[in-house]
Amino acid sequence: MENKIVSKLQEDKKLLSIYFTAGYPALNDTVKIIRELEKNGVDMIEIGLPFSDPLADGPTIQASSTKALKNGMGTELLFDQLKDIRKTVSIPLIIMGYFNPVLQYGVEAFCKKCEEIGIDGLILPDLPLDVYQDQYETIFKKYGLINIFLITPQTSDARIRQIDAASDGFIYMVSSASVTGAKQGFGNEQTEYFERIASLKLSNPQIVGFGISNADTFKQATKSAKGAIIGSAFIKCLTENGTDGIGDFVKDIL
Amino acid sequence: MNTTTKTQLPLGGKPQKGLYEVTKKGYYGEFGGAYIPEMLYPNVEELRQNYLEIMADSSFKKEFDQLLKDYVGRPSPLYFAERLSQKYNTKIYLKREDLNHTGAHKVNNTIGQILMAKRLGKTRIIAETGAGQHGVATATVCALMGIQCVVYMGEIDIARQAPNVARMKMLGAEVRPALSGSRTLKDATNEAIRDWINNPVDTHYIIGSAIGPHPYPDLVTRFQSIISEEIKWQLQEKEGRKNPDFVVACVGGGSNAAGSYYHFLHEKEVGIIAVEAAGKGIDSGESAATSALGKVGIIHGCKTLLMQTDDGQITEPYSISAGLDYPGVGPMHAQLYQSGRAEFISITDEEAMQAGMLLSKLEGIIPAIESSHAFAIFESHKFNPDDVVVVTLSGRGDKDLQTYIDYFKL
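Order-wise, the sequence lines are chains A and B.
When we follow UniProt numbering, the leftmost residue of the first sequence carries the number 1, and every step to the right adds one.
When we follow UniProt numbering, the leftmost residue of the second sequence carries the number 1, and every step to the right adds one.
Derived by calculation from the structure, the hints in this document are not laboratory data.
As the structure is a prediction and not an experimental result, all values here were calculated from the model.
Note that CB positions come from ideal geometry on N, CA and C, so glycine has one too.
Treat the hints with care, as some may be off.
Said to hold, decoys possible - Here are the simulated DSBU-like pairs of lysine-lysine, each with C-alpha atoms no more than 35 Å apart in a straight line:
| hint | chain 1 | residue 1 | chain 2 | residue 2 |
| --- | --- | --- | --- | --- |
| 1 | B | K169 | A | K113 |
| 2 | A | K83 | B | K25 |
| 3 | A | K251 | A | K183 |
| 4 | A | K112 | B | K169 |
| 5 | A | K67 | B | K24 |
Unchecked claim - Which residues of chain A face chain B? A few of them, derived with a C-beta cut under 7 Å, are:
| hint | residue |
| --- | --- |
| 6 | V31 |
| 7 | G74 |
| 8 | T75 |
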């Protein structure tokens, strides 16, 4: 069976991916949020496994992670919440988190569990490319998981090519030198960066993340990229409106 | 970057492929590495590619040595503690890092890193600090060089270390509170890393301990290795031998310990003793004894031993000493522990405070509470009368006066 991320990337449309932190705002909102997002036309979902020390995240996602952990979220519980998710949800699901909780669960055990549930890919920002290739690539592939790497405006062309060669889904294109939720909107710098990446004609499509919060920034980000990811802005929406606000949030973007 | 002339070995000597020195990929055994998000890759890679070359440059070394001598006041004395030796019936020498400018060993590293930052063309410095010693040492060198300085410090630490916050401000640094998590050292480090992600081009991050992604543990260790380099010739002068029987240091992240051990790692006859903070007791739930309580994991970009839940969430450490209050330990120390090369001893708050009081009374030296932990081992650990035991006195106790006052109702 083809990986759901791969088939989704073949669709002739710009993709909207939404990130949320599992266990936030309430511990058992996970499945409800996923269903609402799919129902409202989101293309892909990143389920955040909360971590105590999220280095690459700004205050919004940090706060949601802290709250989720306080609510009692954990690795085993997340897997338990997701165990029947494929009975009702068919869009690609990605788990995004930091490497340490995965390492403690056991990388192989974690990947195996993901396959059982029907998770399609992982984003682990602090699992570096060389360590992945040396130690974990065969495990990820054994369980049919796509590993998604990040690039930034500071990533050299040579390294982007390296990352492109190691990728088999999409490349997560961080829009600016920043943590999540730090910047609003895009300037000339981003436009140039988007164009530079487009001109590299990479073999993997790119999905832009960081700095996308509304229809305008979504449109800008997806001008040359295949799709865009919204995280902090969606978390803010959950904070303000709870899960009832999901439909309106997505409609405003698409 | 300035052009460098590679005429000498880097500070700390040639990188060895031994068990205790870092490999090219940044590992000490299974520990170390650079587990960093891609956003940090260019900064860390720039440093990795250049640090040994810069350290090997003769003009760099000259400038570093000159500042250590004229500004820091090195060499720091190796002092024979006669009354302490009598009490414990062994020969105890103190390596007096407390006599450095700014009052601790931290400045050895900040001098080195500020010179390195200049060579890399950086115009802005960031740092994390717990008790404020590393923050002060960073603010100091930034004032010296006229470079902008931002120090991240947990909101709770800012409240309890007011004198050091004032020092940093006088030195022209901006002190930014870390408001996330437990609002202490761990979180200050997170904030500094986030700052670096947001400012990847002009900023150098001066990490204060032998922690973080490769090359930081090795870089910091090499700058601190001046401690064991001096011990060797000082001991030769005093005892007619280069190697002590034991070298003892306290370990939080482990920079003073790394520097104290460095030149003895391959000298098999030298016993290495690492002293961790047990806080209120290893099993009390309020401890920072990482070797006893930690498991292998990733913290601040490095694979090492750290205190964490079964789920891999990093837990809050506790020690009366803010400098040892860190949930991880440098990767070199994790390897020294795992390989059995070093003996790890944990000391409670109570034992450390008593040892601090004893050193004050017997030798007229009020130690930092971090260092007090190292002196506390003599109560339970017996040495032979002719053993030469060097203890690194990593810092002075001025900053801890309030804690001593409260503890002993002075």
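Violated hints - listed by number, lowest first: 1, 2, 4, 5, 6
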